[in-house]
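*Asks:* Each chain, written out:
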Amino acid sequence: EAGVTQSPTHLIKTRGQQATLRCSPISGHTSVYWYQQALGLGLQFLLWYDEGEERNRGNFPPRFSGRQFPNYSSELNVNALELEDSALYLCASSLVGMGETQYFGPGTRLLVL
Amino acid sequence: AQRVTQPEKLLSVFKGAPVELKCNYSYSGSPELFWYVQYSRQRLQLLLRHISRESIKGFTADLNKGETSFHLKKPFAQEEDSAMYYCALGGAGNNRKLIWGLGTSLAVNP
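Quick mapping for you: the protein sequence lines, in order, are chains C and U.
Going by this note's numbering, the letters in the first sequence line up with residues 1 to 113, in that order.
Going by this note's numbering, the letters in the second sequence line up with residues 1001 to 1110, in that order.
Bound-form chain U, shown alone (with noise of 0.2 Å):
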């Protein structure tokens, strides 16, 4: 079956400190997966795909096929970085929809 697990609802940290928040996935076949944000009072937003292997906000996360895992990574956090985090599994073909973690809530401190 096809999951996504988050495994910290919370994650606080002071400001500067790198901050990595875990992403672990069951798929089958080539994943596509995503990090997705979701500030304040904001819409939730495309953070990175892995497919990218792109850098945003500083943030990066690397696909690794054996430990099935996405992690999301910052070397040093900003309080701006504050919000809340999603990982999502994207299928393909017929099977195309987003399947998704119950997210992390980033606490950033000053």
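In isolation and in its complexed conformation, chain C is listed as follows (with noise of 0.2 Å):
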């Protein structure tokens, strides 16, 4: 089984620039989940998606923001890109009803110069 997928590996951006990520979920999962792991601020929770609804935001600016696809996957958008945006950018995908155990990707490292 294939697990959970995200592109690209690494995006580098300058300041201002908006950036997109892009995350796969397990075939049958409906829920995404994306995560900023920035230096010394561990994991922080971004966005929900679920059956193509954003259920539930963090602490984050509006200029975060994402969707989901029809066939379940995700973009993250991360517009007026800031310094401090810089961080590995985590998602998750689960199974309503399964519990919260979530399958994580790889990861995508986004640097902002």
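Heads up, a few of these hints could be off.
If we take Cβ atoms under 10 Å as the criterion, some of the chain C residues that face chain U in the derived model are [said to hold, decoys possible]:
1) G3
2) S7
3) L11
4) T14
5) Q37
6) G42
7) D50
So the derived label-pair ranges between C-beta atoms look like this [as the list claims (entries may be wrong)]:
8) C/G40 - U/Q1002: 14 to 22 Å
9) C/I12 - U/P1075: 28 to 36 Å
10) U/G1058 - C/G16: 49 to 57 Å
11) U/K1009 - C/P8: 26 to 34 Å
12) U/N1109 - C/E53: 35 to 43 Å
13) U/K1009 - C/G16: 40 to 48 Å
14) U/S1028 - C/T5: 29 to 37 Å
15) U/P1075 - C/K13: 46 to 54 Å
16) C/K13 - U/P1018: 43 to 51 Å
17) U/N1064 - C/G58: 37 to 45 Å
18) U/S1028 - C/P61: 25 to 33 Å
19) U/S1040 - C/N77: 27 to 35 Å
20) C/G16 - U/G1066: 49 to 57 Å
Read the hints as simulated data drawn from the structure, not as lab findings.
The C-beta atom is built at its ideal place from N, Cα and C for all residues, glycine as well.
Using the hints, build the complex out of the two chains.
*Replies:* This is the structure in structure tokens:
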């Protein structure tokens, strides 16, 4: 069974640009979660999508947004990039009803210069 | 407020020694607690969930609601246990997300 995949693996942007990160969940999983792992801050919850809808978001500004497509894959968009957005962005998927066992992708490392 | 605390950033033990990684949480409802592990150059993966009450790779964790703790234990550490360990707290309903501790890096020395 293929695991959660994320693309790209690395992304380099400059301040003010926009970044788009992509995630494909495990087949059959309907929920996708996004987390930010910045140096020294640990994993912070960003967004949760289920069945195409945004269900919950963490304490991040509106320039962090995303969507979930009919095939349950997801996109995270970060507008007006700031230096402190440099981090590892992790995507996880789960099947609602199985508790919170989330399966993680390898992450996208975003560097903002 | 929901919070997970892992007081040790780094824990170093010798092979064969017992190991305990501490996790304390703050949550007003019935918590769902998890331990995730990240081995070198691998992705985060679930180690165990309190709801399953299982032992994985010799590790166990018991939820103590009185002490609001979910410590991870193994009686005899192995070198291959060296990894980053994260304790996570899950919500329910529309609060379905994971809140993470900062992690403990376990080094098992030969």
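*Asks:* Evaluate each hint against the coordinates.
*Replies:* Structure-based check of each hint:
| no. | hint | in the structure |
| --- | --- | --- |
| 1 | G3 | holds (8 Å) |
| 2 | S7 | violated (14 Å) |
| 3 | L11 | violated (18 Å) |
| 4 | T14 | violated (28 Å) |
| 5 | Q37 | holds (9 Å) |
| 6 | G42 | holds (4 Å) |
| 7 | D50 | holds (8 Å) |
| 8 | C/G40 - U/Q1002: 14 to 22 Å | holds (20 Å) |
| 9 | C/I12 - U/P1075: 28 to 36 Å | violated (46 Å) |
| 10 | U/G1058 - C/G16: 49 to 57 Å | holds (50 Å) |
| 11 | U/K1009 - C/P8: 26 to 34 Å | holds (30 Å) |
| 12 | U/N1109 - C/E53: 35 to 43 Å | violated (49 Å) |
| 13 | U/K1009 - C/G16: 40 to 48 Å | violated (34 Å) |
| 14 | U/S1028 - C/T5: 29 to 37 Å | holds (36 Å) |
| 15 | U/P1075 - C/K13: 46 to 54 Å | holds (48 Å) |
| 16 | C/K13 - U/P1018: 43 to 51 Å | holds (46 Å) |
| 17 | U/N1064 - C/G58: 37 to 45 Å | violated (28 Å) |
| 18 | U/S1028 - C/P61: 25 to 33 Å | holds (27 Å) |
| 19 | U/S1040 - C/N77: 27 to 35 Å | holds (31 Å) |
| 20 | C/G16 - U/G1066: 49 to 57 Å | holds (51 Å) |
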